[in-house]
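Engineer: Top line first, the protein sequences correspond to chains A and B.
The first sequence lines up with residues 23 to 670 when you count with the working numbering.
The second sequence lines up with residues 23 to 670 when you count with the working numbering.
Just so you know, the hints here were simulated from the structure itself, not pulled from any lab data.
Because the structure is a prediction, the values reported are computed rather than measured.
Careful: at least some of the hints might be erroneous.
Pairs count within a copy or across copies, as identical chains cannot be separated in the list.
[What the hints assert, rightly or not] No farther apart than 35 Å at their CA atoms in a straight line, the calculated lysine-lysine pairs in the DSBU-like style are these:
hint, residue 1, residue 2
1, Lys411, Lys376
2, Lys281, Lys182
3, Lys559, Lys645
4, Lys534, Lys638
5, Lys638, Lys515
6, Lys39, Lys85
7, Lys559, Lys411
8, Lys519, Lys180
9, Lys39, Lys519
10, Lys85, Lys519
11, Lys638, Lys559
12, Lys180, Lys53
13, Lys411, Lys281
14, Lys376, Lys204
15, Lys85, Lys281
16, Lys60, Lys205
17, Lys39, Lys60
18, Lys182, Lys376
19, Lys376, Lys53
20, Lys411, Lys85
21, Lys411, Lys243
2 protein chains.
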Amino acid sequence: MAVRDKILRPCRNAVLKGGLLAGRVDVVREKMLPYQWKALNDLLPQVEPSHAMENFRIAAGEKAGEFRGMVFQDSDVAKWLEAVAYSLAAHPDPELEAQADEAIDLVARAQQPDGYLNTYYTIVDPDHRWTNLADNHELYCAGHFIEAAVAYYEATGKDKLLQVVCRLVDHIDSMFGPEEGKKRGYPGHEEIELALIRLYRVTRDERHLRLAQFFVEERGKEPHYFQEEARARGLENFHHWGRLGCAYSQAHVPVREQKTAEGHAVRAMYLFSAVADLVQETGDEELFRVCETLWDSTVNRRMYITGGLGSQAHGEGFTIDYDLPSSRAYAETCAAIGLFFWGQRMLQLDSHGKYADVMERALYNGILSGMSLEGDRFFYVNPLEVSPKVAGIRQDHQHVMPTRQGWFACACCPPNLARLLTSLHRYIYSRSSQGLHVHFFADSEVQFVVDQAPVTLRQRTEYPWSGQVRLELALEQEAEFSLYVRLPGWCRKAQVKVNGEPLEDLARHLDKGYLVLARTWRSGDGVELDLAMPVEKVYAHPKVRDAAGRIALQRGPVVYCLEEADNGPDLHALVLAADPDFVVEVDPELQVPAITARGFRLEAVDPGLYAACEPKRVPVTIKAVPYFIWDNRSPGEMSVWIRSAWEA
Amino acid sequence: MAVRDKILRPCRNAVLKGGLLAGRVDVVREKMLPYQWKALNDLLPQVEPSHAMENFRIAAGEKAGEFRGMVFQDSDVAKWLEAVAYSLAAHPDPELEAQADEAIDLVARAQQPDGYLNTYYTIVDPDHRWTNLADNHELYCAGHFIEAAVAYYEATGKDKLLQVVCRLVDHIDSMFGPEEGKKRGYPGHEEIELALIRLYRVTRDERHLRLAQFFVEERGKEPHYFQEEARARGLENFHHWGRLGCAYSQAHVPVREQKTAEGHAVRAMYLFSAVADLVQETGDEELFRVCETLWDSTVNRRMYITGGLGSQAHGEGFTIDYDLPSSRAYAETCAAIGLFFWGQRMLQLDSHGKYADVMERALYNGILSGMSLEGDRFFYVNPLEVSPKVAGIRQDHQHVMPTRQGWFACACCPPNLARLLTSLHRYIYSRSSQGLHVHFFADSEVQFVVDQAPVTLRQRTEYPWSGQVRLELALEQEAEFSLYVRLPGWCRKAQVKVNGEPLEDLARHLDKGYLVLARTWRSGDGVELDLAMPVEKVYAHPKVRDAAGRIALQRGPVVYCLEEADNGPDLHALVLAADPDFVVEVDPELQVPAITARGFRLEAVDPGLYAACEPKRVPVTIKAVPYFIWDNRSPGEMSVWIRSAWEA
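Throw the hints in and build the complete structure from the sequences for me.
Structural biologist: In structure tokens:
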């Protein structure tokens, strides 16, 4: 079957009802969005001022002052607006909507008569717009405003921001393209490509799709645009991120020739998401193969067990296959979010559980780790091993913060988290011509239509803490359709009942990780899943240097870690017993299941550094907590990969 | 007993006869010294020009041109001269001596009328001498010329360079000191302190000792000299090596208050050597305690198993206790050499085997690794684990060269190696009032005098490849004295015979690691040692993060490593069996004993990155070669710390 004939459509009307994810979304709505509004308006005395809203006031000519912040500071406002849009769709809130309208009005006033919108160039260097695409993020910021505008329009029906971005896109379209007299440039940081396709899906304006296609296909062609524009600015040599060269921004070769995930991880994820979007719109089979190859490179050779991406701080990106150091990981929160975005697009193109598995890995680990339980502290970098002392002295750990921060000079991650989490309900279910796809487990409800009649599916579960899931159907009339229920890749033993009857020979019902339940459904029908969720010892591929001789503990989709708060310092001196006798119990303070296990602490027999005698093995109980929840108590060491006694 | 009453005197007249060390010294004499002479004279077309000799010609007014090289380029010439001096003492060579004389004549001509000697300031900035001691190495270069001058005078009796440095020291003494009108400065890079004490031992000029004392004691006092001199140059803030501050150059507190080895490792070693020298001259017990504390900090918490020092490239120095990463080690060849220097001084103060053990560790591992077998390629940084691919892409490995280099822009290490190796014969034996101390095992001969009569000791051994050592005495008349023979710390089982008679109850004869054989010796008497030299599995202290779960192989004083040339790639996927059945056999290509052992290679069962199934264990033979000899075949991976199966 051709790719375009099997594309799924996400069910955006789903509602999260309870459980971990709903709880996190509540924190975003109640704490993070107000906190971030204050941050953007410089109302948090204890953190670095953002100046983002102030830049818009200055660009609108309503205040005097200088531009401050990163060259892409505008995008923090756009991402906040997008997050608000999703939140309003699920939880109307007039006060929040008024704040968003106020922000949108200001953004509109900062737009220039010709449609241009970017406070940095408007304030600082209006004569040199579009002269440094490689570094200066004008198209990136435009992309985020487009995404915000589409989301806000879909949530509220208000099109003021949509009109702003359509005028902006008209302006951009007049500047860039293959036509004579236009620049053949493309963004240093991808984002506008996927945004233009979202816009196209609302406007159906073919120019929007064509511009996205142009940006994707032009990238990496010779002569190299970034070199040409640098030369035009009078630079002899174009030095793009040292050792990394043009691969830093995935511009080393045209995307159709790319075989490995290279360079800045967030940029790569946004580009690859756009490529998958293009496949959805065009059915381009070759581009789909490119996506598959790049997906394989990313998740099978260059991804942390947490779904984190980016193996070094230099260039914030990929290095080489299997180079995944724990303590020097970059694993930017935004990169795991980008992987989630890309995974969703792949999943819509090809309903294969492998995409959902990676999305889950990212979500429950490297994404949720980006925020504190309270929602007011954030990780930008998400290492898999932290020693505060080492991070404090070593230059090669300078990017590692051993505890979450209130805000950042480069504050891309917190609003990215906000926009992902407020939109989480949109990722759980999809429709296809055959029926409904249940990609993820979360206490939730979704309505869809079969034969013009509404069907309600209520999913009840305490996932990810329990593997018990109950799907309950309510129909006005019986209907024939398929339920596609994902059996997660982490699950090695599942029991399924349909209307109380055990489903025998599950494998026969499985298609690419999805259980296909095709039948005539009646109201009151139900499906029960019992996904066995023992604690698993997970091994990395032996080529992963930093995980050699170690294991990670995982339960369901949740990767665990050791914290100093539970285990004392020198976590690397702990060794899991060969027969660890795992016990899972809810931690009274963190209120999540913690794992305890038998193990040893290695203690020196000899006070010297090197001795021919093996260290003493002192029996201890090792305690592990979910990785994403680390650093919510006293700061200290953390480690995901644990030494393990060699099994006999 | 007071420290000063038990000081040993090195026997400088010893002669290396054969074996590994003699062979290495031959290579230095025959290959390295001529090679380095060419390097200093820019006669090696394939390597970066040194310009060191050319700088002297320009400073002497004999050539036009600009200064080129590091601000301390002069010191490369000085170290070469010092190396030549030791070589001439052991192996007269008129041609080499003529080259050295020529170099010395040139240096003398470059000396300024007031005694000043430094080509950088003379050529580039003559008006600003002595204004940036923190960074600019004038006193450091002076120190190296002083050492060269003393060595050349001792070797040849020629005092031209000695006169040059005495005038230079007169000039320095007129500039620095506690007296009114003098600068209270001290070098950013220590070296002149120990050099002045060497000079004092030749000149007996108290000013030379006092100046050394001043430099040592003034360091770290408040107000901070480096800050004051920076302010005098118009700098508001003195930023000395980022996070490291004044500890970078051991100037954070006065040396008497220092308790841990901090900052740039070579600088620290040279300072601590000077402190030990001061104790030798002054008998200062408090300073001796300072040395003992700093020694303990260095070798028991901050030293690689190779004797390498310096855990990070930033600041080329120490970080915190037990932070000893393998692949990102700095472990500069010069730092291991500095540790050897300091160890020798401690050993003369306190004939304790622990100092000789560390010297051996450094010599046979982190020092000898600095040069290729051929003597024309050098390591500056000596990592304990190398993956050429990782080193090639990761910014945090930028300092790691996966193969030895022909020369360096900063070429401190090769001539430092040369001067150490040509002087090795001076380190083997010491005299005390009680007799002769045999610190090291090497095929060699030494003569000394007891009761006005000469005694010759001939040491026959193939050490470090064999633990069999025979000491043969030749005397003109019987004499009563003690032989102090070191039993190395690595040795767990030794048999000793005196004149063929087994020595029972060795422990009773042991004093701080030395076997004390006090008797009346007659010509023909002999001592036989049989030091059991099995392959040992060595464990690091469990606090050493990077060695956790791993072992190193050591045989005698020699640390072994795995190379890709013998074991294929992905060395970290190799696991030593719990019962490895070590076999030691001479490698036909490298001509040194190699170790083979039973082990496993872990191979992935699942092609993915993370899986709940343990990797397959494929039985393999693991081969290890001496660490110092790595990278003498095809470039590839190398690793010292090997994963090992958990012993039952």
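Engineer: From the Cα coordinates, with 35 Å as the cut-off, is the pair Lys534 and Lys638 best called within, between, both, or neither?
Structural biologist: Only across copies: Lys534 and Lys638 sit 26 Å apart there, 48 Å inside one copy, limit 35 Å.
Engineer: If the cutoff is 35 Å on CA atoms, where do Lys376 and Lys53 land: within, between, both or neither? Let me know, please.
Structural biologist: within (33 Å within a copy, 60 Å between copies)
Engineer: For the identical chains here, do Lys39 and Lys519 meet the 35 Å Cα criterion within one copy, between copies, both, or neither?
Structural biologist: within (23 Å within a copy, 85 Å between copies)
Engineer: As a check of your reading, is Lys411 near Lys243 (CA-CA no more than 35 Å) within one copy, between copies, both or neither?
Structural biologist: Between. Shortest inter-copy distance 27 Å satisfies the 35 Å Cα cut-off; intra-copy 46 Å does not.
Engineer: How would you classify Lys376 and Lys204 at a CA-CA limit of 35 Å: within, between, both, or neither?
Structural biologist: Answer is neither: 41 Å inside a copy and 75 Å across each miss the 35 Å cutoff.
Engineer: Are the CA atoms of Lys559 and Lys411 at most 35 Å apart within a copy, between copies, both, or neither?
Structural biologist: both (28 Å within a copy, 29 Å between copies)
Engineer: Give the relationship of Lys39 and Lys85 under a CA distance limit of 35 Å: within one copy only, between copies only, both, or neither.
Structural biologist: neither (44 Å within a copy, 85 Å between copies)
Engineer: My question is about Lys519 and Lys180: at a cut-off of 35 Å on alpha-carbon distance, are they close within one copy, between copies, both, or neither?
Structural biologist: neither (45 Å within a copy, 99 Å between copies)
Engineer: How would you classify Lys281 and Lys182 at a CA-CA limit of 35 Å: within, between, both, or neither?
Structural biologist: Neither: 41 Å inside a copy, 67 Å across copies.
Engineer: Treating 35 Å as the Cα threshold, decide for Lys39 and Lys60: within, between, both or neither.
Structural biologist: within (28 Å within a copy, 79 Å between copies)
Engineer: Give the relationship of Lys559 and Lys645 under a CA distance limit of 35 Å: within one copy only, between copies only, both, or neither.
Structural biologist: Classified as both; 14 Å inside a copy, 30 Å across copies.
Engineer: What label fits Lys411 with Lys281 when the C-alpha limit is 35 Å: within, between, both, or neither?
Structural biologist: between (39 Å within a copy, 18 Å between copies)
The structure fails to meet hints 2, 6, 8, 10, 14, 15, 16, 18, 20 from the earlier list, while all remaining hints are met.
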